[in-house]
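Read off the chains here:
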Amino acid sequence: MAKETAITMIKIKEKKIDSKKVEDGASKDGAKIAIKDVKVWYDDFMAIKGIDMTIKPNTVTAFIGPSGCGKSTFLRLFNRMNDYVEGFKMEGKIKLNGTNIYKDKINVEELRKEVGMVFQKPNPFPKSIFENVAYGLKIQGIKDKKILNERVEKALRQADLWTEVKDDLKKSALALSGGQQQRLCIARTLAVEPSILLMDEPTSALDPISTAKIEDLIFELKEKYTIVIVTHNMQQASRISDYTAFFYIGELIEFDKTKTIFTNPEKQQTENYITGRFG
Amino acid sequence: MVQNAEHHRNLLNESGLEMLNLCISQIEKATEALLNNDGDLAEDVMNTETRINALDLKIENDCEKFIALYTPVAIDLRFIMAVLKINFDLERIGDHAYDISKYIVDFDKPIEPHLFKNLKFEKMYATIISMFENITIAYEEKDVKSARKVFKKDKILDKINAESFSIIEKEINKDNAIIDQTLLMFAIIKKFERVGDLIKNIAEEIIFYIDAEVIKHKRKK
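The listed protein sequences derive, respectively, from chains F and S. Taking our numbering, the leading residue of the first sequence gets 1, the next gets one more, and so forth. Taking our numbering, the leading residue of the second sequence gets 1001, the next gets one more, and so forth.
For the record, the hints were derived by calculation from the structure and aren't laboratory data. No residue lacks a Cβ here, since even glycine has one placed at the ideal position from N, Cα and C. Some clues are possibly wrong.
For lysine-lysine, the following BS3-like pairs were computed, each having C-alpha atoms within a straight-line distance of at most 27 Å [stated by the list, open to error]: (1) S:Lys1218 to F:Lys259; (2) F:Lys127 to F:Lys146; (3) F:Lys267 to S:Lys1159; (4) S:Lys1216 to F:Lys257; (5) S:Lys1145 to F:Lys267; (6) S:Lys1153 to F:Lys257; (7) S:Lys1142 to F:Lys267; (8) F:Lys213 to F:Lys224.
Example chain F residues on the side facing chain S (calculated, C-beta under 8 Å, incomplete) [said to hold, decoys possible]: (9) Ile142; (10) Ala212; (11) Met234; (12) Ser238; (13) Asp242; (14) Phe262; (15) Thr263; (16) Thr275; (17) Gly276.
In isolation and in its complexed conformation, chain F is listed as follows (with noise of 0.2 Å):
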């Protein structure tokens, strides 16, 4: 987390999401987030070959496929975490409540608090676990003790941490268990009040039971928050997901309700990949 924050911390001057339009969860075109015509190379690989798809608002929606598919260089076009990978190309649109995200004058610091994001391995900072929820909010410019508290134990109880520390918040966070430091990461992730939550296999360092904490708090969250995430746990994306997308060598080959998806694909592919016949 430390380099991503690193790399949110890299002001750009430039035209501001409409930060309003984002907290009325609601687009020009209906939608939080479209999608339209995507590609992206690495140097001469081609990552994603052409993705056009409509991400709506208040939804968890699952992206899935085999290792290399593109499914995680995909989901980091939408807070721009790919912008600062050697060789990175990309075309066509991607709108966050109609704004282009890869419009040159964009805002990535405001996009990056439009867009938090939760990695696969917890990454707390060594610092107290109120520390590390307040960091975003003190690099916002929040100072007051009250506010700041306010929202740290917000942040906390959203991500259903709160009544296991509130006693220790000046605990190192590192002192946490795995499936507490992913929550404490979320919280983290949350104190800044984003729009979206991106994350990319949250659970897969995490125990049954820590995993079961984090999948209920993606239901309850997706109340307030557009939520996408990948995983390659089958059962996680159809436990845990409104809409499921399975990607296959940089091409999106079926998006559909995720009921679909896992009862009746349209497509053989998608089939013989969730049915663990391939991939």
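Given the structure of chain F, go ahead and fit chain S onto it with the hints provided.
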């Protein structure tokens, strides 16, 4: 699907087919026992019922294990659901074969041949055997067309069943001495009609498994 799961799926498929063949054989034997007043054969059918019950339990257990171990989705999930339901229907068909055989053993005397003819019993039996052939092909070869053939044939059974009441009434009016025989035949025709319904259910389940199309409770408008 991993090789182990595929192996278990194949075994379940074979068990389903074994159950189907066993139930067809039970209906064939029960009918033969009825037509020939063969009490021994009827008893054989009754004894074989325990095999059906054991196979029914085995298939149920295997389906439960498959779901628990492999959490099937899409076509694999439909396969397991279809096998479970087909198994349930076949077990009921086995019960009907048992009941018919028990009637024969308890009754223990031949039925007047003209009753079979007037009640169109042989046509009913031939239709059921033909329906069994259709679902066997459908099950083995994943042939939806073959499964669909069953629906028309079931209507033949319904018609024979519906007509049987007035035929029985006439037969009793003609000859009071055969009341017991006519009532027995009436009960057996009802059983055959139910067997037809169960074969129709099986056809619907095979279509659901192959085409993901739910036909149950649909009525032609």
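Comparing the hints with the structure gives:
1. Simply put, Lys1218 of chain S and Lys259 of chain F have alpha-carbon atoms about 22 Å apart, close enough for the 27 Å limit, and the pair holds.
2. With a CA separation close to 20 Å, the supplied pair Lys127 of chain F and Lys146 of chain F stays within the 27 Å bound.
3. Taking the CA atoms of Lys267 of chain F and Lys1159 of chain S, the gap is about 42 Å. The hint is violated against a cut of 27 Å.
4. Taking the CA atoms of Lys1216 of chain S and Lys257 of chain F, the gap is about 24 Å. The hint holds against a cut of 27 Å.
5. Restraint check for Lys1145 of chain S and Lys267 of chain F: satisfied, since their Cα atoms lie roughly 22 Å apart, inside the 27 Å limit.
6. Between Lys1153 of chain S and Lys257 of chain F the alpha-carbon distance is near 38 Å, which puts this suggested pair outside the 27 Å criterion.
7. For the proposed pair Lys1142 of chain S and Lys267 of chain F, the alpha carbon gap of about 19 Å is at most 27 Å, so the pair holds.
8. Between Lys213 of chain F and Lys224 of chain F the alpha-carbon distance is near 18 Å, which keeps this suggested pair within the 27 Å criterion.
9. Because the beta carbon of Ile142 of chain F sits about 45 Å from the nearest beta carbon in chain S, more than 8 Å, this interface hint is broken.
10. The interface hint given for Ala212 of chain F is broken, as the beta carbon of that residue sits about 16 Å from the closest beta carbon of chain S, more than 8 Å.
11. The restraint placing Met234 of chain F at the interface with chain S holds, with a minimum CB-CB distance near 7 Å, inside the 8 Å limit.
12. Checking Ser238 of chain F against chain S by beta carbon gives a least distance of about 7 Å; that is within 8 Å, so the hint holds.
13. Taken as an interface hint, Asp242 of chain F does not check out: its beta carbon lies about 16 Å from the nearest beta carbon of chain S, beyond 8 Å.
14. A least Cβ separation of about 5 Å between Phe262 of chain F and chain S falls short of the 8 Å threshold, and the interface hint therefore holds.
15. Annotation: interface hint on Thr263 of chain F holds; nearest CB of chain S at approximately 6 Å, less than 8 Å.
16. Annotation: interface hint on Thr275 of chain F holds; nearest CB of chain S at approximately 5 Å, less than 8 Å.
17. Below 8 Å, beta-carbon pairs count as interface contacts, and Gly276 of chain F has one with chain S at about 4 Å; its hint therefore holds.
Of the numbered hints listed earlier, those contradicted by the structure are 3, 6, 9, 10, 13.
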